[in-house]
Every structure is written in C-alpha cells, then in structure tokens.
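Visitor: Below, each chain spelled out in residue letters.
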Amino acid sequence: MIVEFGHFALVLAVVVALFQTVVPLWGSLTKQPRLMETAKPAAILQFVLLCFSFAALTYAYVVSDFSVANVAANSHSTKPLIYRISGVWGNHEGSLLLWVLILALFGSAVAIFGNELPQTLRANVLSVQASIALAFGIFMLATSNPFLRLENPPLDGRGLNPILQDPALALHPPFLYAGYVGFSIAFSFAIAALIEGRINAAWARWVRPWTLAAWMCLTLGIAMGSWWAYYELGWGGWWFWDPVENASFMPWLAGTALLHSALVMEKRETLKVWTILLAILTFSLSLMGTFLVRSGVLTSVHAFAVDPERGVAILLIMTIFVGGGLALFALRAGELRQGGLFAPISREGALVLNNVLLTTATATVLVGTLYPLLLEGLTGAKISVGPPFFNMTFIPLMVPLLIALPFGPFLPWKRGDLQGVAQRLIIAALIGLVAMVATMAVASRGPWLAPIMMAIGVYVMVGALQELAFRAKVGSAGREEVLRRLWNLPRSVYGTALAHFGVGLMVIGIVATSAYRIETVLVMKPGDKVDIANYELTFKGVAPFRGPNYREQVATFDVSRDGVPLTTLSPSKRVYDAPPQPTSEAGIHAAWRGDLYTVLGDAQVEDGGYAIRLYFNPLVRFIWLGALLMFIAGGISLSDRRLRVGAPRRKSRQPAVAVAPAE
Amino acid sequence: MTRKQKRGILIGAGVGILAGAAIMVAFALRDTIVFFRTPSDVVEGKVDLDQRFRLGGLVADGSVERGRGTKVKFAVTDTVETVPVSYDGILPDLFREGQGVVTEGKLDANGQFVADTVLAKHDENYMPPEVAAALKEKGVKLGPGAEHPGSNN
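Chains as they are written, first to last, in my numbering: chain A, 19 to 681; chain B, 10 to 162.
Source of the hints: derived by calculation from the structure; they are not laboratory data.
Here a beta-carbon is modelled for each residue, glycine too, at the ideal position from N, C-alpha and C.
One or more hints might be untrue.
[Unchecked claim] Cβ pair distances, simulated, as ranges:
| hint | chain 1 | residue 1 | chain 2 | residue 2 | range |
| --- | --- | --- | --- | --- | --- |
| 1 | A | V460 | B | V123 | 32 to 40 Å |
| 2 | A | N552 | B | E74 | 36 to 44 Å |
| 3 | B | E53 | A | S95 | 49 to 57 Å |
| 4 | A | L333 | B | D40 | 29 to 37 Å |
| 5 | A | E134 | B | D40 | 20 to 28 Å |
With the rest of the complex left out, here is chain B (with noise of 0.2 Å):
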C-alpha cells in the first residue's frame, strides 16, 4: 500500500463514521425530541393530540385529588389557563400546590393530559426555567427564588 492509499483509508473510515453519526443524529432529533408547552398553546390547540409533549406550569391550587392506589389527579396553569392532568405513580418530594412543575405525556381525546412523567426538582426554590419564562410571558410575578432558577445550590 502506498503512503497515499493508507491515508485514504483512515480518513475514508473517519468520515464514514462521522456521517453515518451526523445521519444518526439528524434522524434521532426528528424523531425523539419533545416540545414543551404551556396550558395556554393547549387550549388554544397548538398541540396535536398523537404527540407527545412536556407540560409546564404551577400546580393549581386545591387541584390535587388522590384517588385509588396511586391514581392522582391535579391541573396545572399558567394562571390564564388551566389543563386537567391524570398521573398513576409515586409523585416527586417536591411536588405541592402553587409549585413549579414539569409533565411530560399526552392528551387524550377528552382534553386530559395523560401524563407517565411528572418533574419537580430537588429544591424547594426551584422554578424549571422553561416554567418561570413560560409564567412570565403570561405576567404572573414570581417571588425571588423563582426569578433565577436554582436557588442555593
């Protein structure tokens, strides 16, 4: 083999695998990302209903309704609208009323938000980002611990 022909083939077999990956990626970020969205675009049907999304909002006051086993129901708004969200498991440390709050499922034909995921984070004072802009487009003011999220750590 000459010189040059060696170096064909290493470079050959780097750029193949680079553009077999940058296919992989381009196909995967089709395909697996999730768009989050506010009770708002819900309501107003930005959402399609075979889709799966991330909904973000406070958990309304006085929403939460435990039912049987771990059956829960509770909605989450962006205080100008409201979307009724079902969820069976064990609900994160963090999850309260009027708290930040991240789920990710979808709706069902009923307008229902079936949700598999429900994310509060690890601190009392967080506020996911996506939430606080999100809340903050709508103008509800936000106490000090929301304006950045993260608080002490």
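Isolated chain A (complex conformation) (with noise of 0.2 Å):
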C-alpha cells in the first residue's frame, strides 16, 4: 500500500507543478498578488509530496519489497541495510526521483526564505522552477516510473552492481544532483528576470547564495566521485576525462564563472546581461549532463540503461529549456540596461578575466566531449578522445588563470594598481620559486613543466594568505591590531582565501600525483619483498575470506619504512554473491607525502605467484583536501551576513532598475 500511496504523491506533486507553473505566471503578468501568492503553498505541497513519495519508495527497499520492479532489478536482500537505501539513487529511476525532490527543495526554500523577494519575482522563479519539475516529472510517471509493480515478483531481486557498494558512492549523487539542480535557482531567477524586463544589484544578491550553495555541493560531489574511483576502481587514477566526468565538470566551470560574475554584478551593477547568459549555460549544463548520462550515446561507468525514447525525451526536454531560456535571452537582454564600465585593470577586470578563461575552458572540455559523438553522427568513424586532449587544451587555459587569481582579490574596484599588486605578490612568487627549487632537488625526473605548475600551486596558496595579512595590515599594524582587524574581517573574505588556498592546494595535490607518480608491476611469491618510494613491502600470501555479501581473496603485504614495521595492507579480489561480479580493492596506506596504493592481481598458473601492481602516489591526498576545503570556504561565505540580509532593505534606496529603452 505504502508504495502505491507514494506513487499517488508523484502524480499528485505533478499536478501541483502544473498549477505552479501557470497560476503564479499568470498572476504576475495580469498583477493579480492572490494568483502570485499561490506559488509559496504551491511550492511546500510540491515538496512535501515528493518528499513522501521519495520515502515510500525508500521503504520498498528497506523492506525488500521485490514486487516493486525497480526493487526487483536492483536490490538484494542480503544488501547491508544502507547499501538498501543508497539502491534507491543507484539507478535510472530512482535518482531521477532523487533529482525532482531536490529540485522540489531548491523551489520550497526560496518559497519559504524568499519572503522579501519582489512579489513578482518570486512567484515568476517558483514558477519556472515548477515547470522543470513538471517536465521531469511527466518524463517519469511516461518513461521511467520507479513504483510499477511486477505481477510476478520473484524471490530475490538482481542486487546493485556491487562497485556501487561504497559509502562514497551513496553519497556522490545527492551531492552532485544538489549542485547540478541548485543551479536551477540561478536559471530561474535569470528567466525570471528576463520575464520582467528588469534586474539590479539585489538580483544578484539574491542568486548569488543559490549558486554558491549549489556550486558547493557539486564540488563535494565531483570529489566524492573522483576520491571513490580512486579507491574502488583500482587504477590508481583520481581523474580520466571520461565523459561523463566531463558532464559534471562543465556545470562546475560554468558555475565557478557565474558565481564570480555575480559578485561584480552585485558590487557593480556590471556584467548584467552576461550574468544572466551564464546563469542560462550553467543549468544547461546541468541538463546536457543529465542528458549525456541517461541517454546512453556515451562510454561510461555512469552510463544508466537507457531505451533510446527516454533519450529522446531527456533530449526534449532540454531543448525547451535550453533553447526556451537563450531565446528569451535574445529577445530580452537588449532591455536591460548596462551598467557601468570599469579600467581593465580593475578587481572587475580580473574578475572578466576569469570569467573568459573559465568559460573558454569550459568550451573546450564540451569540444573534446561532444566531438566523438558528432563525428560519428557526420561520418561514421568511431573515435575517442582521451586525456591527451584535454591536457593540451585545459592546461594552458588554467596556466593563466592560475597566474592571475591572486591578483584578483588585491585589486580594488574600478581601478587597480597592478604593479602595486605585483610588488606585494612577488614575497608569493618567491615562496613558489623555492617550492620549483625543493621541487627538482626531490624529484629528478619527470616533465619540465610540472615544477613549474608547484611553484605556481604553492604561488596560489600564498597568495590567498598574503590577501588576509594585508587586508589586517600584518606587518605595519601593533599585534592587537591586526588581531582586531583579522577578527573583524567580513566572513566572504575568509571564505575567498580559503577557496583559493584551497585551489593551490589541490594543484599541488594533481601535478605532484599526475608527474612523480611511481608504478610498477610484479609477480610476487609469499616471502617476496621489494622497494618502492622508501617502503618496504613484504608479500605474505593469499587467504580466502567471506564477508557478508561477498566472498574475496584477500593478500596480505608488511609494510616497513627505515626498518620499523609501519602497517600491513590487504588488497583483495572479490566477486559478489548477487550479482556475481567480480571486483578489485585496493590495498592503501595513506600519508602526507603520498599514498601507497596495492592492488592483487590474478594467480600465475605455474609458480604460486601473483601478479600484483604497485603504486606510490605523492601528495595525492590533497587533491581531495584542497576540494574540501572549497567546500567549506562557501560554508563559511555563505554564513556571512551580508549574504544573508541586506538585498531587499537595500533596494528602498536604491531603487530598482526599471526598463530602459533599448540603446
């Protein structure tokens, strides 16, 4: 029953959508507040409902109800109960259901804290919000409804494919649908602007916590990914330019530029029209991604089953937002007015100057992911583009980027001193030239450029430090001084230099891994040692071993560094009960200066050997630490109280930007 009330919710919130979509537009076109303010209830019921119908669907998994199909062709009931639960996003339908709820949340929270938005321009975003749910959800209830019912439901269901096992894992896609679909905030107000004709600086003010919020979770959640097929899939690789990797990377880029162009927008009522544009491309992004993901034209892990109509559906529905959204663009955007023009060397220009290599790079990795497929589509040949491409592409695009993102926050508004800048900036520079130095004593090999790119990570990190001391005037302050004024800093400004040392950090972390990487593969006997990266590794064997939905081989190696018994590592082969699939997992001891990284390979027929593969990974870790700490610069950005209030009490001075002709 529960799972047929959930099923009613789904349909019910859909209904819900449809009315949030035309009721509050309707109202806000004809100036009827009663209709505008339907969209807040609207909203809540909409959440509310999916809500329930995400937790019906929820307890058909927990309780192993395999008469629901989509239980049956992806659960087990040997499942550890959490793997039960992170089944019910491991799939086409269900994240699909996870994804309409999380857009459903994004629109209830502006219902809910947009209480000091313009009447209209709340009711036009919760509407517009409504109508991407309405699409996805027809989509569903048509093609892809997770709570159809088998009539002949067998005794056990098929299991989830069990690379997907990992806690990791049952966390990536929350997070990542989060960031992709938190992006739709900022594609409706830009709609929603677009509507009305008008925007200002409280627009920005307004979108600008939205996306950050957004932009947080789809850098955890990308990371997530990355430090999960890192471990589980045992190449010892973070990062492959798959395309679908690439599929969240674009909305990432894309959204990295948006959030730095709505600051100027906000402190400078520029770059208006460009906001909106890329406010658009963000979430159309997003969309591609979704897209690319379930549609089944690419290669790939995420790869979800597809039949080729829901890729026309998905295809659909992205042209109607995509080219609904740009087309309203053309029409409109000649109607808001400009704002100000500012020096290029200026905080404004180094914030565009970010914006063009970001959304050049952007262009670039959809070049290398969408050309294999138009290829195809033109002349039939069959290629792939790999990591060479994008190392040629994306690299010189960040080099500069890179060079220039500590100026960025040293630059005042309206117009900079660069050699001002750039004489404070060299105390950075100097740091990073020690860290190329220390960089090539270390390490004697490996390519040309790679010390360069640590002196320019390190650079970064300094950088970000340097902005802090001098905005407490570290050095020409008294100790109280600088205490006070490092206590009274805004919080964004902490949050900046945390996202940027975090930026260096995670530089450092890929050149260190991608250039002085050590790998070997052996046969090992029991009772084989050997060397890598200082450690010694003392091979003792293979055992078989039974966990609670799985059976493994499991090898055990000693670790010893200088002599000293350090740890013992256990890579193992596994193959899953249901489905029986077999897989690798890596055996790693992870430390500062790198991770020690073993995986088991298969037995030798003649000798009891085994082919095993090593792997020593310098600075890895801080890859993924670098990307935390993003994470929690935007937390701490977000917390900050001029992100918060102050929009709306600032527009009775400053009055709204009406409809200029157009120019």
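Both chains are given apart, each in its own frame, so use the hints to dock them into the complex.
Guide: Here it is in structure tokens:
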C-alpha cells in the first residue's frame, strides 16, 4: 500500500507542479497578487508530496519489496541496510526521483526564505522552477516510473552493481544532484528577470547564495566521485576525462564563472547580461550532463540502462529549456540596461579575465566531450578523445588563470594598480620559486612543466594567505590591531581566501600525482620483498575470506619504512553474491607525502606467484583536501551576514532599475 | 582611456583567448584522437602501422594464454576476422573470454596488436557501444544485456 501512496503522491506532485507553473506566472503577468501568492504554498506542498513519494520508494527498498520492479532490478535482500537505501538512487528511475525531489527542495527553500523578494520576481521564479519539475515529472511517469509493480515478483532481487556498494558513492549522487539542480535556481531567477525585463544588484544578491550552495555541493560531489574512482576502480587514477566526468565538470566550471560574475554584478551593477547568460548556460550544461548520462550515447561507468525513447525525451526537455531560455535571452537581453564601465586593471577586470578563461575552458571540455558524437553522426567514424586532448587544451587555459588568481582579491574595484599588487605578490612568487627548486631537488625525473606548476600552486596558496595578511595590516599595525582586524574581517573574505588556498593545494596534489607517480607491475611469491618510495613491502600470501555479501581472496603485505614495521595492507579480489561480479579492492596506506597503493592481480599458473600492481601517488590527498577546503570555504561565505540580509533593505534606497528603452 | 578603448581592450583580450584556445583545440583534435577499429578493419588493411588506435570486439574463446609474469596474449574477434593481441599488465576484473573488450595500442610488423591499455567496463552485462555496433554490423546476435549498453546502473 505504501508504494501505491508514494506513486499517488508523485502524480499529485506533478499536478501541483502544473498548477505552480501556470497560476503564479499568470498572476504576475496580469498583476493579480492573489494568484502570485499561490506559488508559496504550492512549492511547499510539491516538496512535501515528493518527500513522501521518495520515502515510500526508500521504504520499498528497506523492506526489500521485490514486487516493485525497480527494487527487484536493483536491490537484494542480503545487501547491508545502507546500500539498500543508497540503491534507491543507484538506478535511473530512483535517481530521477531524487533529482526532482532536490529540485522541489530548492524551490520550497526559495518559497520559505524568499519572503523579502519582490512579489512578482518570487512568483516568476517559482513558476519557472515548477515548470522544470513538471517536465521531469511527466518524463518520469511516462517512461521511468519507479513505482511500477511486477505481476510475478521474484524471490530475490538482482542486486546493486557491487562497485557501487560504497560509502562515498552512497553520498556522491545526492551531492552531485544538489549541485546540478541547485543551478536551476540561478536559471529560474535569470528567466524570471528576463520575463520581467529588469534586473539589479539585489537580483545578484539573491542569486549568489543559491549559486554558492549549488557550487559547494557540486564541488564535493565531484570530489567524492573522484575519490571513489581512485580507491575503488583499482587503477590508481583520480580523474579520467571520462565523458560523464566531463558532464559534471562543465557545469562546475561554468558555475564557478557564474559565482564570480554575480559578484561583479552585485557590487558594481555591471556584467548583467553576461551574468544572466551564464546562469542559463550553467543550468543548460547541468541538463546536458543529465542527458549524456541517461541517453546511452556515451561509453561510461555511469551510463544508465536506457532505451532510446528516454534519450529522445530528455533531449526534448533539454531543447525546450535551453532553447527557450536562450530565445528569451535573445529577445529581452537588449532591454536590460548595461551598467557602468571599469578600467581593465581592476577587480572587475580580473573577474572578467576569470570568466573568459573559465568559459573558454568549459568550451574546450565541451568540444572534447561532444566531438566523438558529432563525428560519428557525420561520418560514422568512431573515435575516442582522451586525456592527451584535455591536457593539451585545458592546461594552457588554467596556467594564466592560476597566475592571475591572487591578483584578483588584491585589486580594488573600478581602478587598480597592477604594479603595486605585483610588488606585494613578489613574496608569494618567491616562495613559489623555492617550492620549484625543492621539487627539482627531490624529484630528478618528470616533465619540465611540473616544477613550474608546483611553484604556481604554492604561489596561489601563499597569495591567498597574503590577502588576509594585507587586510589585517600584518607588518604595519601592532599585534592587537592585527588581531582586531582579523576578527572583524567579513566571513566572505575568509571564504574567498580559503577557497583560493584550496585551489592551490589541489594544483599541487594534481601536479605531484600526475608527474611523479611511481607505478610497477610485478609477480610476487609469498615471502618476496619489494622496495617502493622508501617503503619496503613483504608479500605474506593470499587467503580466502567470506564477507557479508561477497567472497574474497585477500593478500597480505607487511609494510615497513627504514626497517620499522608500519602497517599491513590487504588488497583483495572479491566476487559478490548478487550479482556475481568480480571487483578488486585496493590496499592503500595513506600519508601526507603520498599514498602507497596496492592491487592484487591474477594468480600465476605455474609457480604460485601473484601479479601485483604497486603505485606510489605523491601528495594525492591534497587533491580532495583542496576540494574539501573549497566546500568549507563556500559554507563560510554562505554564513556571512552580508549574503543573508541586506538585499531587500538596500532596495528601498536603490530603486530597482526599470526597463530602459533599448539604446 | 576612453570608454571605447576600455571596451576594446576587454573584447580584444576575450577574443584573443578564445582564438588561442580554438587553435589549440584544432591541433589537439588532429593529434590526440584515437580511432576505433574492428578486427575486420585491421585485416582489410584499413589501419596504418604507425598509428595508435583502439581495437574492439569480443575476446575470442580459448584464446587467452598467460605468459610469464604479467604477460598475456589473447585474440579479439568480430566473429568474421580475428586479431592476436599481446599485453603486459594486469587485466581488468571483468576481462573474460567471450566478453566485449576494448584495447588500445599499435600494430607491430607481424600483424600482432600490442596493447598498452585493456578496458572491460564495470558491469558484467556491459558491452561498449562501439563494440555492440561493430558486432551488429557483422551480423552477430547479441544477448539482451548487450543490446543496450549499460545494463542496470
């Protein structure tokens, strides 16, 4: 019964979404406040209904109700509880329900916390938001309904793909979706602004926290996926430029650009048209990510089982929203009054450079991701575009971005003094040079670019700290004054510094791991010893082991350093009960200087030896630590008082910019 | 600086970066893409000897021969033609005879494909779409799991 209630709640939610799409918009167009006011309860009701629906599906998973087709296809009674729950979004239908639920969550959050928004803006935003939910709701009911029953329920389910039975992966999709879907708010605000034909700094103030929240979640979601791939797939890599990774990375790049351009718009009332366009593009890329993953056009781990119909339906949804959004933009953008100009050397100028580089980088990733599809469509030739392409096109864009990055926060708005800032940043550059020399001293091999990139990473980190020191007048003011200033710095300043520091940290991790990783494949017999990166490994042998829902062969390595026993690593090969699929579990010894990473291969036929793969990944943790810092930095910025209040109060003093006649 | 000049600098910088990136993309697409070939393509001589490419198909039944250490030999087939492959490394978990596989490397002078990468995807029912399409072309009947790449995740 509960499943039927969940099904019914989903249908009701779609009906509410239809109401919420039409009525508030109609109210705002015909200026009827009562109709506009319906948006708020509708948004909340829609969210409550979807919550119930999602809970009902989760219940079916928890109690292993295999009469539900979706549960039978993706769950198994022996699976641990947490993976029965995460199995809800480990498949196409369930993850779509989560997608729509998060959409409604963001919508209802705007409804609840948006009391100070202008009434028409709020009505329009919620209306656009509901139209997205409506499209996906209809799509779900028509092609991907998770609540369908089976006439002859099986005794047990088919199970969740075992490599997905993992804590990081249980959380990866919710964060990723929160990021993807969170950008829908920016999109809805952009469309609402275009419908009204006016936009002002308050608009950017409203959009920025939502964008920031979405960006945080996306950052963490991508980082978790990368971390999971690193320890679970057994290749020792953390990023593969896989098309689906790119599908999540493109909205991240565009969203990062949006975050920075919205800042310019909020503070200086300029770059309006660009910010609106970027908001539309960012969500379009999120929709494209959804399409690429679910349409089956891509070769990937992530590709959901999809019949062509579904792909066409998602393509249709994408075309409506992207095409509609861009068409509206083309029609109305001219009516938005452009803001003031600024000197190229200024905070605005630096942020524009950030935007140009980030969007260009997005475009190169887009080309690399879609080119194989395009070429196959045009000529039938099948190609793959791999890491070499992205290394060649993406890195040259990141180098100037990273070099310019510390300049941004130092430059004042309107007009800046490049030389003065450069003089201050000499300290960061010098420390970077020291890091470069140190890198060259420690690592004799590796590409020539690597030490330079290490220097740039350190320079970005020091630059971020220097900005804090500069604002606190470290060196020129007394100790008490410095502390007082540090205390009084707005949280968003700390957020910025921490996020930029995280970027530098991540660069160091990426460069060190990519350039200086050690990799060996060898055959070892019990008792054999091998040295790698100052560690000594002794292979003790392989023993069988029985886990809760798998059998495994576990190898044991004693690890010691300088003759001192350090730890024991146990890489294994597992075969799960349902579905019976083999996986490799890496044995990893994590340390600040790098990860020792062991993978067990096949047994040798003749002599009782085993193929063993060993990696040493220097500083690899810095990659995810950097991402984590960016996530935390986003949270710190979000908690800044200036972001939470102020916008509507400021409005009374600065009347909204009305539609100006086209120039 | 006048308004026009300022705008000129900004637009110029933007266009410059975009043009530079476009040139890099064009070069990279020319140099770094890897074509997907079937064993039939190889036997018919459609492949340059000095060019890296991806060879995909099914791992031929009874062809896997483990050598010393981590060396392994197998054959990739599209049921019409078969190409021998050598590889030194650990095979993916899901590598099995009769399963779809994609390998990347170069042909040597003897017509043997020397692979440095072997990909078998993370799902037992998974069939790389290129392989599925190529096999379909050759008239191979595939199981239901293979018709639609991606199975249940």
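Visitor: Hint says 32 to 40 Å; check whether the CB-CB distance for V460/A and V123/B agrees.
Guide: holds (34 Å)
Visitor: 29 to 37 Å was suggested as the range; check whether the CB atoms of L333/A and D40/B agree with it.
Guide: holds (31 Å)
Visitor: With 20 to 28 Å as the target window, see if E134/A and D40/B comply at their CB atoms.
Guide: violated (55 Å)
Visitor: Does the beta carbon distance between N552/A and E74/B stay inside 36 to 44 Å, or does it fall outside?
Guide: Distance hint for N552/A, E74/B holds at roughly 37 Å.
Visitor: If I claimed the Cβ atoms of E53/B and S95/A lie 49 to 57 Å apart, would that claim hold in this structure?
Guide: holds (51 Å)
When each numbered hint is compared with the structure, a violation occurs for hint 5 only.
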